[in-house]
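K.L.:
Between the sequences and the hints, there should be enough to build the whole structure, so can you do that?
Protein chains in written order, with the working numbering: chain S, 1 to 74; chain U, 75 to 267.
Hints were generated in silico from the structure; no laboratory data involved. Accuracy of the hints is not assured; some may be wrong.
One-sided and incomplete, this derived list gives chain U residues near chain S with beta-carbon spacing under 7 Å [to be verified]:
#, residue
1, Phe106
2, Trp109
3, Val195
4, Gly199
5, Asn203
6, Tyr207
7, Ala225
8, Phe227
9, Ser228
10, Phe231
11, Phe232
12, Trp234
13, Lys249
The beta-carbon is built from N, C-alpha and C at its ideal position, and this holds for glycine as well.
The residues making up each chain are set out below.
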Amino acid sequence: MTDPMTPNQFLWFLTLATGGVSALWLIWDLSNLRKALKLDMTVPGNRDKRFGFSIGLVIATLGIVGSARAQGWI
Amino acid sequence: MAAVAEVSAPRVVSPWNPANAVTASRYFTLPFFLWAVHNGYHQWATLFMLACGLLDKADGAVAKIFNCRSAFGELFDAITDAICYGFGLIVVAAYGWAPAVPVIAVITLGAANTIMRALYVKRAGRTTNYKSYAMERLVAYTGYLIGFATAGFSVMFFYWLFVPIMLVIIAYDAKRMLIDPIPPASGASGAMS
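P.N.:
As structure tokens, then:
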């Protein structure tokens, strides 16, 4: 059974699927968080949003850093 | 009056709907994933897990298109996430493609989260799913985690950093599920959510 991609193609595929998606995710959750911060924080559901979107930012940052490490950029 | 009663009646969604079919189809990727890992096909294993993750995203879209969102569907989706990703993590750890210690930690915390969700349903007294924005993001990370192992992509970095993030989320969600008051069921909930 042959691999569908060359090792270099596969590395770039993973970089885009991880680092690229993480970059979009970072922008998306930054926008979500900005909206959530304007909501009434006495409502538990709104606090959940703020916490969740903040975690999303952390995870997205890890995705970008991990991809850069895999490529040997950092 | 009869018309008003019909409009306000909760909409009942059958569990045999297209969204749940897409969710169930995720299980078909697991034997292929195991086959690829067993035979050392790193790229194919990554692609099968990617298919499993994409189907996870697709079921939500299908539920919106066919207007068949339900509390059962959300719960089925959460259970399927746990089974598929738990299976994937166990396989990559068993074949030495991922470090065992963080995998054991993740599975243990995942099991604790499942138990807490069951207790939340018991407290609520109805079929409901605790919506955790943070856990939704972590579940996506879990899917990626398996892909990182099959692809040998910054494995130690991603696995060891996953554990403290999961601990923080579980601690936050534990308070929300086990201690905080449960929000009342909205209009059509029970059947819909």
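K.L.:
For each hint, tell me whether it holds in the structure or not.
P.N.:
These are the hints, each one checked on the structure:
A distance limit of 7 Å between C-beta atoms decides the matter here; for Phe106(U) the minimum to chain S is near 12 Å, and the interface restraint is violated. A distance limit of 7 Å between C-beta atoms decides the matter here; for Trp109(U) the minimum to chain S is near 10 Å, and the interface restraint is violated. Look at Val195(U): its Cβ only gets to about 18 Å from chain S, farther than 7 Å, so that hint breaks. With its C-beta approaching chain S no nearer than about 19 Å, Gly199(U) sits outside the 7 Å limit, and its interface hint is violated.
Annotation: interface hint on Asn203(U) violated; nearest CB of chain S at approximately 13 Å, more than 7 Å. A least Cβ separation of about 2 Å between Tyr207(U) and chain S falls short of the 7 Å threshold, and the interface hint therefore holds. Checking Ala225(U) against chain S by beta carbon gives a least distance of about 5 Å; that is within 7 Å, so the hint holds. Nearest Cβ of chain S to the Cβ of Phe227(U): about 5 Å, under the 7 Å cut. The hint holds.
The restraint placing Ser228(U) at the interface with chain S holds, with a minimum CB-CB distance near 4 Å, inside the 7 Å limit. Nearest Cβ of chain S to the Cβ of Phe231(U): about 5 Å, under the 7 Å cut. The hint holds. The closest approach between the C-beta of Phe232(U) and any C-beta of chain S is roughly 5 Å, which is under the 7 Å cut-off, so the hint is satisfied. For Trp234(U), the shortest C-beta to C-beta distance to chain S is roughly 11 Å, which exceeds 7 Å, and the interface hint is violated.
Below 7 Å, beta-carbon pairs count as interface contacts, and Lys249(U) has none with chain S, the closest being about 10 Å; its hint is therefore violated.
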